[in-house]
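**Q** As a plain string of letters, each chain reads:
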Amino acid sequence: MSATDIGLDLQHVSKDLGGRTIVDDLQLDVRTGELTCLLGPSGCGKTTTLRMIGGFLVPDRGRVLISGQDVTTLSPDKRPTAMVFQNYALWPHMTVFKNVAFGLRLRKLPKAEVKERVEGVLDLVGLTHHVHSYPARISGGEQQRVALARALVLEPKVLLLDEPLSNLDAKLRVRVREDIREIQQRIGITTVFVTHDQDEALSISDRIAVMSGGKVEQYADARSLYREPATTFVAGFVGTMNTYEATVVPGGVALAGDLVVPCGDLSATGDGVWEVGVRPEDVRVSLDDAGAAADVLREVPRGHYKELVLRAGPHELRAFVGSDLPPADRVSISFARALLYRDGVLHRSATPVPAHS
Amino acid sequence: MVLPPVAVIAVFIGFPVVAAIAYTLGRAGGPNSVVASLGQRQFIVQKGVTFDAYRDILSNPTIHRDLWATVWVTIVVTLVVVAVSWAIALYLRLTDSWLARTISALSVVPLFIPVVIASYAILVFYASDGFIKTVAYHLGFHGFPTLGYTLTCVTLGEIWVNIPFGVLMMSSGLNGVPNNLIEAARDSGATMPRVVRSILLPMNVIPTVIVATFTAIYVLGSFTVPYLTGPTAPNLLGPSMANFFNSFNQPQQAEVLAIVVFVLALGIGAVYVWANVRTGRRSGLQS
Ligand SMILES: Nc1ncnc2c1ncn2[C@@H]1O[C@H](COP(=O)(O)OP(=O)(O)OP(=O)(O)O)[C@@H](O)[C@H]1O
Ligand SMILES: [Mg+2]
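Here the protein sequences line up with chains Z and U, keeping their order. Counting from 755, one number per residue, gives the positions in the first sequence under my numbering. Counting from 21, one number per residue, gives the positions in the second sequence under my numbering.
Simulated from the structure, these hints should not be mistaken for lab results. We treat Cβ as the ideally placed atom computed from N, Cα and C, and that holds for glycine. It cannot be assumed that every hint is accurate.
Derived contacts from chain U toward chain Z, CB cut-off under 8 Å, selection only [claimed, not checked]: (1) Pro-130; (2) Leu-131; (3) Thr-170; (4) Leu-201; (5) Ala-204; (6) Thr-211; (7) Pro-213.
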C-alpha cells in the first residue's frame, strides 16, 4: 500500500483538556474511500479525535495528515474536511438551499454552478422537495440529509460524522445509516464516523477503531473485531462475551470449581490462570453427556434462535442455540472456540481454525 | 380572570390618557377642570375640538430646536449604543479571557448607579474644571472644549446609561447562537468576520432591534440626564416639558409635547413589531 492510498493519517496524536489527557498517542490510518467508525463508550475521546481531524482542536502532540499533506495546525476553513454535526447545526435563518449553497458562495462560484451543484447534491441525498423550506419546518431525518448534503457539496477529501443518527428514531436510524453508507460508497469518500452504537458500527464500516480512555484498543474490520477481540475491553464492548478465569487442561479448559469444559479451538496454550472468553454462539449445547453439565435457568426466544441462560457449577453463561433445540432443564455444554487473554490482551499462539459459517 | 388587569389598566392608564388627549384638544371639563382652572395660555373650546394648542407649540421656534436636538441625540445615542454593545457582546461571545470577563462585569456597572448620581458625576467629569479638562490641560491642550452643559454631554450621559441593557441584551442573544452553528460555518470555509456577517448578525436581529428601539424610546422620553447635564436651550423635549409645566405654568402645552413624544415612540415601536413579525415568518421560529 503506497502512502497516497492513505486518505487520513493520525500519527501519535494526543490532546490534553482540563488537565487530563483525553486523546492519548492515538494512531489511525484511513484508506482513501474507506469508512472507519470510531466506536467507544461515552467520554472515551471520540468527539475530541474527530474535532482534531476537522481542525476545531489542535493536537498537543502528533500530526494529522490528509492525503499525505500535514494539516495539523490548519484552521477548519482551510482544511479539505467537512463535518456533519450531531444535532445537524443547520443555520435557522437560511433555507435548505442557502444552507447547502453557503460554502459554494464563499468560494465565489458562478450562480448557475452553485445552483447546479446544490441541486445535484440534494438529489443525491434524496431531498429534492423542501429546497426552499427553512430547517425548522422539515423533519429530523430531512434535516439530517441537509446536513449531509451541506458537507458533501464541498467535495471534501474527508467526511466527518459525529453521531449523526442519534437524534433519529430507531427505524429511521437504520434506514439513514444505510443511505449514508450507500452514498459514501457511490462517491468513494474517505469517511470517519463516530458512534457509540456497536450495531451501527458493525453494519456500515469497512473498519472499526474501538476506543477506550483516549486510545485505540483495536482497529479491524467488523468480522475480525467480533471473532478475535484483541483485548477484554473490546470483547466486552462488542457483542456479548462469557468470560471466566480458567486454566488450560488437555482437551479443554478448567473453570473454578473443577468444572472442565471441552474445547476444540483454544487461541493459546500455556500454564497459569487465563481469562477465557467464549461467544454465546460458540457455546455448544447438547442433550447427551458429552461435555460439562449445566442447568437451564432461562430461555429467551430471539426469533430465529434462542438464548439460554445456563448455570454450570458456580458460573453463569449465555448460549445462542437454534430454535429447534427441545426445551430441557439439564444440558451438556462444550466450547467450540475460546479466546485466552492475559492482562487483558488476547494471546494467540495457535493458528485459528477457520470458521465454518 | 382577565377583568381585574384590564380594569387596572383602564383606570390608571387608559382614563388619564384619554383625559390628557381631550385637554390638548381644548376640552377642559370633567377631570381636566382643576388643571384648566390653574393653567395659563390655554386654548379651550366648549364644543368640538381645536388644534390651537398644537399649533401654538409646533410654531414655537424654541420647540423646533428642541425637537431637532431630541431627534439627533436619539439617533446618535441609539447608533452608538447598538454599535458598542454589539462590539462588547461579540468580544465576550468569541473569547473567554479574564479581560473579557472584566469587561462584561464593568459594562453592567451603570445599572447599579442611580441616574441622578451618575448624571452629576458625568457633569463634573466633563465640566470646565473637571477631570477631562484638567488632564487635557496638563497634556498641553489648553483649548480643550468644555463639554458640561452641552448636548454632547447629554449624548455621552445617555450612552452611559443605556450601555448595560444593550450589552446584556446582545450578549444573551449571541449566547443563544450555539457553538456548532459557528463551527459549521468555519467548516464550510468561512473566516471569522464572515461568520459574524453571515451567521451571528442575522441570528441576532431581534435583540438588536430591541436594543435600538428601547434605547431610542428611553432617550426620547428621558429627563434626568438632559436636565442635569444639558444646556438651557436647546435641550431634549423631556426638560422642555418640565419647563412648560413647572416654570411657565402651561400644562396644556406640556401635554401636547408629551403626545408628540408619544407619537415618535409609537413609530419606533412599530419598527420593533414589524421586525419581530418578519423574522418570525421567515424562520418559523420565535426568535
Ligand atoms: N474543553 C474541554 N475541557 C475539559 N475536558 C473536556 C473538554 N472537552 C472534552 N472534555 C472531556 O474529554 C472527555 C472526552 O470527551 P469527548 O467529547 O471526546 O467524548 P466522546 O467519546 O465523544 O463521548 P460521547 O460519546 O459522550 O460523545 C470527556 O470526559 C470530556 O469531559
Ligand atoms: Mg461525542
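**Q** Each of the hints needs a verdict: does it hold here or not?
**A** Against the structure, the hints:
1. Pro-130: Constraint on U/Pro-130 not satisfied, violated at 32 Å.
2. Leu-131: violated, 30 Å
3. Thr-170: Violated: closest Cβ of chain Z sits about 42 Å from U/Thr-170, beyond 8 Å.
4. Leu-201: holds, 5 Å
5. Ala-204: Cβ of U/Ala-204 sits 4 Å from chain Z, so the hint holds.
6. Thr-211: Hint on U/Thr-211: holds, closest Cβ of chain Z at ~6 Å, below 8 Å.
7. Pro-213: Given a least distance of 11 Å, the restraint on U/Pro-213 is violated.
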